[in-house]
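**Student:** Dock chain B against chain A, hints included.
Letter by letter, the chains look like this.
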Amino acid sequence: MSEQQTTGAANTVLGTGGLIFNEPLLWEKGKKGRMGMSVPQSDVPAATLDATLEGTEVDFPDLSEVDVVRHYTRLSQWNFGVDSGMYPLGSCTMKYNPKTNERQAATPAIALAHPMLEEGLSQGTLRLLYELQEFLATITGLDAVSLQPAAGAHGELTGMLIFHAYHEHKGHQRHKILIPDTAHGTNPASAALCGYKAVAVKSGPDGMLDPELVASLMDEDTAGIMLTNPNTLGLFEERVREIAEIVHAKGGLVYGDGANMNAVMGVMDAKKCGVDVLHLNLHKTFSTPHGGGGPGAGPVCVTKELEPFLPVPRAVRKGDSYQLEENLPLSVGRVHAFHGNFGVLVKAYSYILTMGAEGLKRASQLAVLNANYIKEQLKDVLHLPYDRPCMHECVFSDQNQQAEKISTLDMAKRLIDYGYHPPTIYFPLVVHGAMMIEPTESECKEDIDQFIATLRTIVQEAKEQPDLLHEAPQRTKVRRLDEVQAARCPCLVGLPSAEDK
Amino acid sequence: MKEIDELLLPEDLGYTDDHEWAQKTGETFRVGVSDYAQDQLGDIVFVELPEVGDSFAKGDECGTLESVKAVSELYTPLSGEVVAVNEALTDNPELINEDPYGAWILEIKPSAPAEFDTLHKAAAYLEMLKG
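Chains as they are written, first to last, in this note's numbering: chain A, 1 to 501; chain B, 502 to 632.
Same shape as in the complex, but just chain A (with noise of 0.2 angstroms):
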């Protein structure tokens, strides 16, 4: 049975349809001898190259213009994005980024600020950069921030390198750092970097963090702990206060990934959880545009007391004027050249200021109510593991899909033929066949009704027809491509004759 007669709902949804463009790669297009603009004729004499010079002789095509801006547009009509669709790439916070971030951003005045004009000429520049500082901080209810780390795996390393100098400083280093099985997969990594070494902490039958056994694991050899609240399940840490007391009682220090800030802005105040050190991803919680490896930015938001480490340079203001502070004789030192990601973080200062504390609340509340709308909408067909109130994410497993032998990846693949993007799967790794929903704020009620509606459908499709599930995607330009080849031989060379081989 084809495709089209078994699902005629995926022709009457928003899905791909149609018109897919075929296109080669630019090896296999083109023709000898063509070109995309008429170079002039050389009005000096020619000299010979040394040939030790020459090297291998390189295999551009010969192409024109409209042959190269039709590969390109039509390679990007097979992407998806969040101005596409819905994106419901959990931990990632896909949520929509109006345009006029964008257009902020590339205000003349800003965009072509050079980062080495002197301060008296970039009063403008550090006055945002200041005043951005002043609105993590008051978001997140700490003190001192730095703008600097480029992204959030970036920000947990600066982190670290605050824990690293605080104790260093403190007279005493210690080896050892706290990491919950529910926290973000580049914390070890990023502690690591710093010497630490990572101790697992397993989190409770109900996905939270126990008390009892962080204080069996907190000694004065350990940094502290490295908590992501709302944890990696999507849930609030509700025991964070009792668990950092622990952990300053030991001398540790509490660093909180706020990559899933965007559930709490505006309703969390970090610094009364106990958090003494906190990054954002504002390419996640503050609208900025991401995926395909940035740019991003990941501030780190400090208490009081760590102020002193923050890399360095940091705008402050004096009096009426703006300047960059570099002399911070106990910090950790530059992260970042210049002013970090500054085109990232202009897009969030217009993001904040065009949402105003209300508005960064609302989107909070509504990131956190549509989760638990899908939550409640998918429970009696989807195995929910942790049935309680979720934050802004929502984690199912295939556990209810075993006995047709349809797993997490069918369903998700076979999302892409109803024209959504697959939500996060496979993580968090506490969760068997997990997958992770995270709508945001962005999407109306009609929207992720039919989302709902969507995934209902493939549940039945699942017991009817499970080889629509395992045959997905089918309506797309490429079929279910072989990962596992692709891990193994990855082929990262555009030419034909590598192709051949």
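Keep in mind that the hints were calculated from the coordinates and are not lab data.
Hints should not be assumed to be uniformly reliable.
[Said to hold, decoys possible] The calculated lysine to any residue pairs, modelled on SDA-like cross-linking and capped at a C-alpha distance of 20 angstroms, are: (1) A:Lys405 / B:Lys503; (2) A:Lys202 / B:Asp519; (3) A:Lys202 / B:Lys503; (4) B:Lys503 / A:Asp467; (5) B:Lys631 / A:Val430; (6) A:Lys405 / B:Gln541.
All of these numbers come straight from a predicted model, not from anything done at the bench.
**Tutor:** Relative to chain A, chain B alone:
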């Protein structure tokens, strides 16, 4: 994915909660991951091995298995010193999927051989998997 009763669980091995196995080979023990572990991980695409001469305490992280689904740590079931690693896995990580008990990962000279007796027997491990 396999049903629980389709899993191969040889009788002479000791198993851990984290799904590693250990097998006595003379004075040393070979260590690998169980049929359940390889089945859950799916196609393994990369194995990070420890160095020969490294010493670990029971339960320490001693390597990494990467599948298309996830990256998982390997924990040593016994304390001791690594005396050999299975280099064949570097180029052919799929050997673990094909034969999880033939594809040993490392060989340990135990500092406390009696630890082996504290590992799960096949029947007890199967009960644990059934939950």
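**Student:** Would you mind marking each hint as holding or not holding in the structure?
**Tutor:** Checked hints:
no., hint, result
1, A:Lys405 / B:Lys503, "holds (9 angstroms)"
2, A:Lys202 / B:Asp519, "holds (13 angstroms)"
3, A:Lys202 / B:Lys503, "violated (26 angstroms)"
4, B:Lys503 / A:Asp467, "holds (18 angstroms)"
5, B:Lys631 / A:Val430, "holds (17 angstroms)"
6, A:Lys405 / B:Gln541, "holds (13 angstroms)"
Checked against the numbered hints above, the structure breaks only hint 3 and satisfies the rest.
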